[in-house]
Amino acid sequence: MLDNKKIIGTDYQLTFRMILTAFLLLLAYMALFSLLLFTGIPIFLVLIFGVGMVFFQYYMSDKLVLKTTRAKVVSAEEEPFLHQTIEQLSNTAGIPKPRNIAVMDMEAPNAFATGRSPKHATVAVTTGLMKKLTNDELEAVLGHELAHIKNRDVMVMTWASLIVVIAGYLMQMLFWMSLFGGFGGNRREGGGQAAAMMMAAYVGVIIIYFFSQILISTLSRYRELAADRDGSIICGSPSNLASALRKISGQIALIPEKDLRQVEHANAFFIIPALQGNAIASLMSSHPKTEIRIEKLNQLQNNYWQLFK
Amino acid sequence: MSFLSSFFKSKKNDMDILQSILRIENININQKTNEVLFSSAILLSPSDHDFFKTFSVSVNQITRKIPNITKINIVDSDEHGIKWVILSSTSFKNIISVTDEFSKIIASQYLGDRMIAGIFKSNINSQDCYWICNYSSSKFYPFVPQKNKTRNSELEMTLGHTLSKLGIPVEPHGKWYPIWDAPF
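Heads up: the protein sequence lines correspond to chains A and B, in order. My numbering numbers the first residue of the first sequence as 1222 and each following residue consecutively. My numbering numbers the first residue of the second sequence as 5 and each following residue consecutively.
Keep in mind that a hint or two might mislead.
Said to hold, decoys possible - Coverage of chain B stretches by chain A, computed from C-beta distances (three or more under 8 Å per stretch; other residues unrestricted):
hint	segment
1	80-86
2	156-163
3	179-188
What the hints assert, rightly or not - PhoX-like, lysine-lysine: derived pairs with alpha carbons at most 25 Å apart:
hint	chain 1	residue 1	chain 2	residue 2
4	B	K125	B	K75
5	B	K69	B	K108
6	B	K169	B	K151
7	A	K1468	B	K179
8	B	K169	A	K1510
9	A	K1353	B	K151
10	B	K151	A	K1479
11	B	K87	B	K151
12	B	K169	A	K1468
13	A	K1479	B	K179
14	B	K87	A	K1479
15	A	K1288	A	K1352
16	A	K1340	A	K1288
17	B	K179	A	K1510
18	B	K153	B	K169
19	A	K1353	A	K1468
20	A	K1468	B	K151
If you are wondering where the hints come from, they were derived from the structure by calculation, not from laboratory data. Yeah, the Cβ is synthetic: ideal placement off N, Cα and C, and Gly gets one too.
Just chain B, with the same shape it has in the complex (with noise of 0.2 Å):
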């Protein structure tokens, strides 16, 4: 099973979900095909691991297999000492095998329980939305900050049912957990 589907447990295939997540969007982004770079990141909580301690050179190593990817930018240590993984491509379908497959290497070096969650960016009525998914509890929640660390919440709770709606299995509002300060 892959990396998205038993996040979402769901019978859809992974491009199904994703797709259904970029229809939400009223597919703003169609129009740019090929001209806007599509942004996912993999935040990973650092451990002992030989991976960890050549983290730069592992990542790459890791990148270096799956193709597709345009650019990658690393994170080494944000401000709660996470470590973030930005994958980006030249088009949304990309980005979301891309981020897959990192994810299952990782997954596959036993280093899934060091992974907190992935993320993907989009935007919504000009507004950034970060699709957030937590490993921990394989479910999803739309996060939508605005300026001085607030969070547009009626969005997000409309974004939040219309995710049920596909089938994808939303967090429940107590634990929609903002991931501020995102560096993508």
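Chain A on its own, in the form it takes in the complex (with noise of 0.2 Å):
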């Protein structure tokens, strides 16, 4: 696997984006806890609720994670395929095997990594996506979760959120007291302006949390295209992924298959502009559009492949 990568290389724009993202948030950060020390709003009593909720939700993701999605743990006599594949890509992305393999009962074809490190990590699959995707198919898949758990991108994901909570938990705060106490200003002296300067920081915070959630989607969506890239190098078959991600999203099943000149005449109703996909929803979307994945995986399979033929 290793061989592969220094083959591959790396790709220098997704690490630069990463790279810019980290620094956006470390600037958002910043501007939190100056924003703390202007209203005078103790850093230390938020960070230690902010990192004992984080800490709490990395430590405990994999029991979480399976209680919420009712996945059940299987053994390798249940499901002797997920465990022999999981088993040899885990050799060959050079991790350990995680401690469960688990699957849910689910008709939408699913997948998930979580754990605090890979000794601790849980990969599951729904029902659904075994049923629809070939055993080379739901190798890539397998694939691009161990990337996930070998990136340690829960990790990463966790505890660059962290600020998220913080800013999201400030938020409240001061709504709960601009509701009961009007930010003080009528209670004394001088309050006007002690109250002024709460509704800037309450501006303010809404502002960082915002900028914040879209960094965070931002860094996960480069997150999800580093493990389509690095899934990839593991199973050795980016075509594989590209497919199975086309059978996932759906989109195929919603060509039609209805003849042009049939529908003709109701083309007269076709007048609501098609649905352009909302900006927004995008920027704030964890995973990168389907397209642009299978995008990258078809240009790795046509431009890198050639060298392992």
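Using the supplied hints, reconstruct the complex from the two chains, each of which is provided in its own coordinate frame.
Right, dumping it as structure tokens:
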């Protein structure tokens, strides 16, 4: 696997984008702490609360996710293909086999990886995914999930979202303060100035919250692209993952069977503009558009994979 | 505004747009320049208008006004009762302008609402591929038919995405209606 990675090289553009996003996130942190200093809210207390929340989430992520998704941990006897494939791919990736392999009884095709470290990782797939995909495609999806584990994405994303937790908490605190205390504006002399300051802080926290959300979502999309790339390297076939993504996204199922000439009379009603993909929704999306992922995988397949032939 | 510009609602001119499409094909076509006839078709839904009563004559009158047409083929009524005007030319560049001219003349006779689609045929990785412009939505989509009325949806998805990247408005997937048994 390492040899494959050496030959394929690094996606410098993606790496640069991730670094840029992390830098912007750092600026957001600095802005938040400056705001706390400005308003006199004790940073220490806020940090303890935020870190505590995130640490709990980080430490318990595998158990929490297994519980909320009702995924059932399966043995090698119950799901030999899953166990064998994950074991082989883990060896190739140079990570220990995840502690838990689970199956969710769900028709929707999906998969996830969680856990605070490769040793404590969990990989889960839905029954719908196993039914819909070929073995090669399923292997590609598992490779993608193992790449998330190898890249420690749970850790990266959980800790990166600390700012959102803190800003969200502050937003709520300031909201209730404004509701019940009017930011102190009516109670004491000079209260008007204090109220204006707190109002400015409230607006600032809201801006930081939404800006951070966008950055976290952006970072998440980049981590997905990196997992696509690394997963392809692990299992050796970007085209299998591209094919799996097409099936999972359900785009192909949308393509109609009726001939254009048969629907021609209905065309008069096609005056409502086609859904163009909401820009804000795209910004907040944790995953990149399927088309973009497929295109990147196709590029990988076309440009580099001939080296292995 | 010309036919294709209005189709694509793009700031690019017609030649840029279709040459963009041409680039998708890895320029296989360029190697055969002047050896292959490039074709396009315009699908028309007939009405009581005089134009359709003397369809062949009307089409011939129009095409006489347009240079660079090498061949015209008319399908008077297909299995859906639709009329096809198939235009051929010796270069891809010409087929674009020929289709553009022809469509403008039809539209000038207040028959724009009878035009269903404009189709350009090309070949990608040895597979016939049709680029369909749906007149009613002014959007474009690829159609790659295979045997037994099946289609290469995966290739279509890739081509559709490439069109979007070129700034060409693409139909949503739910409106990628096939046009089976195209007579060209």
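Structure-based check of each hint:
Given as covered by chain A, the segment 80-86 of chain B passes the check, having 3 residues with a CB less than 8 Å from a CB of that chain where 3 are the minimum. Beta-carbon proximity to chain A at under 8 Å applies to 5 residues in the segment 156-163 of chain B; the threshold of 3 is reached and the given coverage holds. With 6 residues bearing a CB less than 8 Å from a CB of chain A, the segment 179-188 of chain B meets the requirement of three and the coverage assertion stands. Of the supplied pair hints, the one linking K125 of chain B and K75 of chain B holds, its CA atoms being roughly 15 Å apart against a limit of 25 Å.
Proposed proximity of K69 of chain B and K108 of chain B is supported: the alpha carbons are some 12 Å apart, at most 25 Å. A hinted pair counts as satisfied when its Cα atoms are at most 25 Å apart, and K169 of chain B with K151 of chain B does not qualify at roughly 29 Å. Simply put, K1468 of chain A and K179 of chain B have alpha-carbon atoms about 18 Å apart, close enough for the 25 Å limit, and the pair holds. Proposed proximity of K169 of chain B and K1510 of chain A is supported: the alpha carbons are some 13 Å apart, at most 25 Å.
For the proposed pair K1353 of chain A and K151 of chain B, the alpha carbon gap of about 24 Å is at most 25 Å, so the pair holds. A distance of roughly 16 Å separates the Cα atoms of K151 of chain B and K1479 of chain A; the hinted pair therefore holds under the 25 Å criterion. Pair hint K87 of chain B plus K151 of chain B holds up; C-alpha atoms about 24 Å apart against a cutoff of 25 Å. A C-alpha spacing of about 22 Å is found between K169 of chain B and K1468 of chain A, which places the hinted pair at or below 25 Å, so the restraint holds.
A C-alpha spacing of about 10 Å is found between K1479 of chain A and K179 of chain B, which places the hinted pair at or below 25 Å, so the restraint holds. Only pairs whose Cα atoms come within 25 Å are accepted, and K87 of chain B paired with K1479 of chain A is accepted, the gap being roughly 18 Å. A distance of roughly 23 Å separates the Cα atoms of K1288 of chain A and K1352 of chain A; the hinted pair therefore holds under the 25 Å criterion. Taking the CA atoms of K1340 of chain A and K1288 of chain A, the gap is about 19 Å. The hint holds against a cut of 25 Å.
Between K179 of chain B and K1510 of chain A the alpha-carbon distance is near 19 Å, which keeps this suggested pair within the 25 Å criterion. A threshold of 25 Å between alpha carbons decides the hint, and for K153 of chain B with K169 of chain B the separation of about 28 Å lies outside it, so the pair is violated. The suggested pairing of K1353 of chain A with K1468 of chain A holds, with an alpha-carbon distance near 7 Å, which does not exceed 25 Å. For the suggested pair K1468 of chain A and K151 of chain B, the alpha carbons sit about 21 Å apart, so the restraint of at most 25 Å is met.
The earlier numbered hints that this structure contradicts are 6, 18.
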